[in-house]
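The chain contents come next:
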Amino acid sequence: MRRLERPRALPDAPALPLLPVDDDPGACSVPRGGGWRPGARWAQAEGARAAIAEEAAALPLHQQPTMRELGRRSEAAEHPFKRAPVAVARQPVPAAPVVHAVPLILAEAIGQRQLIAAACPAALALGLVPGMAITQARALVPDLDIRPADPAADGAVLDGLTLHAMRYWTPTAAPSGADGLWLDLTGAAHLHGGEARFCAGLVRFCRRFGYTARVAVAGTPGAAHALARYGREAVTLVPAGGEAQAISALPPAALRLTSDAITAAQRFGFDRIADLLPLPRGPLARRLGLASVTRLDAALGRVAEPIVPVVPEETPVAKRRLLEPIGTAEAIEQVIADLLADMMLLLQARGRGVRTLVLLLERIDGSEQRLAIGTARATRDAAHLARLFHLRIERIEPGDGIETMRLAATRTDPLGATAVAGDLTGEAAVPDVATLVDQIAGRVGEAALFTAAPVESDVPERAVRRAPPLAAPTGWPAWRRPVRLLGRPEPLTGVLALLPDAPPRRFTWRGQVHAVVAGDGPERIHGEWWRRDGEVWAVRDYFRVEDESGARFWLFRRGDGVEPATGDLSWYLHGLFG
Amino acid sequence: MMSATARRHEAEALLRESGGDSRAGAAGVLPFGIAAVDDRLAAGGLALDGLHEVSPATPTLSDDAAATLFAVGIAARAAAAQGRRVLWALTRFDLYAPGLEQAGLDPATLLFVEAREDKDVLAVMEDGLRHGGLAAVVGEVKRADMVATRRLQLAAMTGGIPALLSRRWRKAGVCPLGELSAAMTRWRIVCAPSARLPAQGVGRPRWTVELARQRGGPGFTLELEACDATGRLALPAAPRDRAVAAAGAAARAA
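Line by line, the protein sequences give chains A and B. For the first sequence, the numbering used here begins at 470 and goes up steadily by one. For the second sequence, the numbering used here begins at 655 and goes up steadily by one.
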């Protein structure tokens, strides 16, 4: 929600004042480009200066020439990109809740229904609450700004915030639900001047980015979660041991109960968490479920609920600065081998394997070159990766010399320890096909390598698609199919055939007459009406025929020979059996 | 993994039985399983570490398809024996994978490479042969000279993998097998009329298979039945006694 509002919330940038441009030579006695400038004559003359100053002062304020235009050429020009004065930068950004003229809601599809995922304050005030059907909202308020919800982007923003929190605030941070953040302030609050100051700073930080923040500090994650979402204040600080007191006034839904448990709590008349506290545990667990009791205990600190922190991923980078600039292929290859050895150690420590490696070469003239390789399967085989770089090493232009080389693994996949194949049993190890795939992809391009995979379609030309080279596709139904298929069926002429279902007796293809001695068929294939209108009634009758010389063809006739709507009875050759 | 190794052991035992070890290189041979063919081959089958060329006898597309299927059958039997994949390099992809599956090469076994020109196809084939983790490497080219074929033959010996070079017609009247080559065997395939079935329909396809040239032996020509679902060829059944048919015809005529 906030993410969408942000572009709107930003105030329009004030138009830059038009700065005087000094391209007018004016009444200068020496034309532009002259080496010696004695100064403007009109400025040297006695009295003229005062007259002009008077004239300028008579003008309205915004038309008055600047000092620079008046001839003081030594004065520094106003820099157009000069940093704004500090006082301006400190002005509070008018961010906090943006009120839209048109209520804004976000729609999400749950099954076949469109529901409100989030609503702006204006929409909330009109009674449009999250979970309501979009159609109902439209009926209530005709003028609505409805936009699709994007949970993935929301999650990305939250992840970014989590990483920021890990870097600057506390080492233990994790996203909580789709809209919250858990920060473990234990031992970190004093670094920010205490919990109260930290919370105020956090709210300010969020407001600067256009977000509304609600902060609660409590001894347990459960209590903090409940107070941040259901508490009265935007910032709540719970003293140690005061969790039960603090959350007792909140509704049971604040405890992260399941929807069933919330319904049950409403049915039993538990309006506040305070109602749950004095109850005996057994009956409470039977009514609301054991999970609800565990949640309550976690919020009160009777059950441990650790925060599982997010571990930031960093791209593994190996770097070599070279003492002397290098330019020969052998030297570059040697450095690549060293970099790969470093990189493999880094990856081994993390239990990951390379999918994409980028080599950045900085030349002595400051320009940078990139060289990327990809692998079909995660690998830590330095020799194999060196071979892949070897195939591309000719694309490097060393120029005057390369002084720094960096190797970054931009994409990695988990890769555990792999067994050494065949060494103990004595039989030779079979090399992995993935290395061959990488090698060939380096030679002819990645798109040139593929396997054929089935598509659920009876139309022959649509039954095959290209799949990645290491896929293991399944097969096709066992109808007789030719080994070569023409890219486009070729029309036949002079076809002699009995209607409706006999193979042709003779036909002419590419100017040659074929007399058919045997034929199988028809195999009727209907058009796929869901693809396009032209195929609604279309029918192809396929025949496998053999001519007198033994050549075997796959022919089809458009139309079933009875209904004219199914096709025009023209004949085509589509494939060849061996 | 176990089943693949077991299959491989079985295949090796089969190869030893066929007596291929004594006559061919260390990699053994891949017999056709037809005595009439295997006995006439110098190695007792196709050498597993050699280059073999296949070409249609005429420039028609149907003979081209037959030659393709012949190569498919060999590759399918090699893949089934070893449980490994087959690399197929070509310049224009007009193969129909369901048809290949019906000759024994299922899609999970096949790995296609569509290169821009013949030079790339030959380079890719060489990569595949030297890699050593495949069952067979098939390439379709229009032109491959003596140097290229010798390189392929050497790569095949290095990897111990059969290389199948399918030579396609470039120009009418110029047989692709006319070019010099270092191949172990050179095959020429042409479609032959199938046996007539008593009912309407096309019988099992037949080819006239000509071994145009082989190392250490003379060529021959045979009529064979085409690949079945596992890539095996067969010798056509001996013709029926003509006298009975004639008698039947005479009886019907009477």
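Simulated from the structure, these hints should not be mistaken for lab results. You may find that some hints are simply not true.
[To be verified] Derived contacts from chain A toward chain B, CB cut-off under 8 Å, selection only:
hint, residue
1, T727
2, L769
3, G770
4, V902
[Unchecked claim] Not the full set, but computed from the structure, chain B residues with beta-carbon under 7 Å of chain A:
hint, residue
5, L723
6, G737
7, Y750
8, M811
Don't be surprised by glycine CBs; every beta carbon is placed ideally from N, CA and C.
Verification of the supplied hints:
Violation of the interface hint for A/T727 is found here, the shortest Cβ-Cβ separation to chain B being roughly 44 Å, above the 8 Å cut-off. Residue-level restraint check for A/L769 is violated (minimum Cβ-Cβ distance to chain B is 54 Å; threshold 8 Å). At a threshold of 8 Å, the smallest CB-CB gap from A/G770 to chain B is about 52 Å, leaving the interface hint violated. At about 5 Å, the closest approach between the beta carbon of A/V902 and any beta carbon in chain B falls short of 8 Å, and the interface hint on this residue holds.
This hint holds: B/L723 has a C-beta 3 Å from the nearest C-beta of chain A, less than the 7 Å allowed. The restraint placing B/G737 at the interface with chain A is violated, with a minimum CB-CB distance near 9 Å, outside the 7 Å limit. A hinted interface residue such as B/Y750 counts as satisfied when its beta carbon comes closer than 7 Å to some beta carbon of chain A; here the least separation is about 4 Å, so the hint holds. For B/M811, the interface hint is violated, the least distance from its beta-carbon to any beta-carbon of chain A being 16 Å, above 7 Å.
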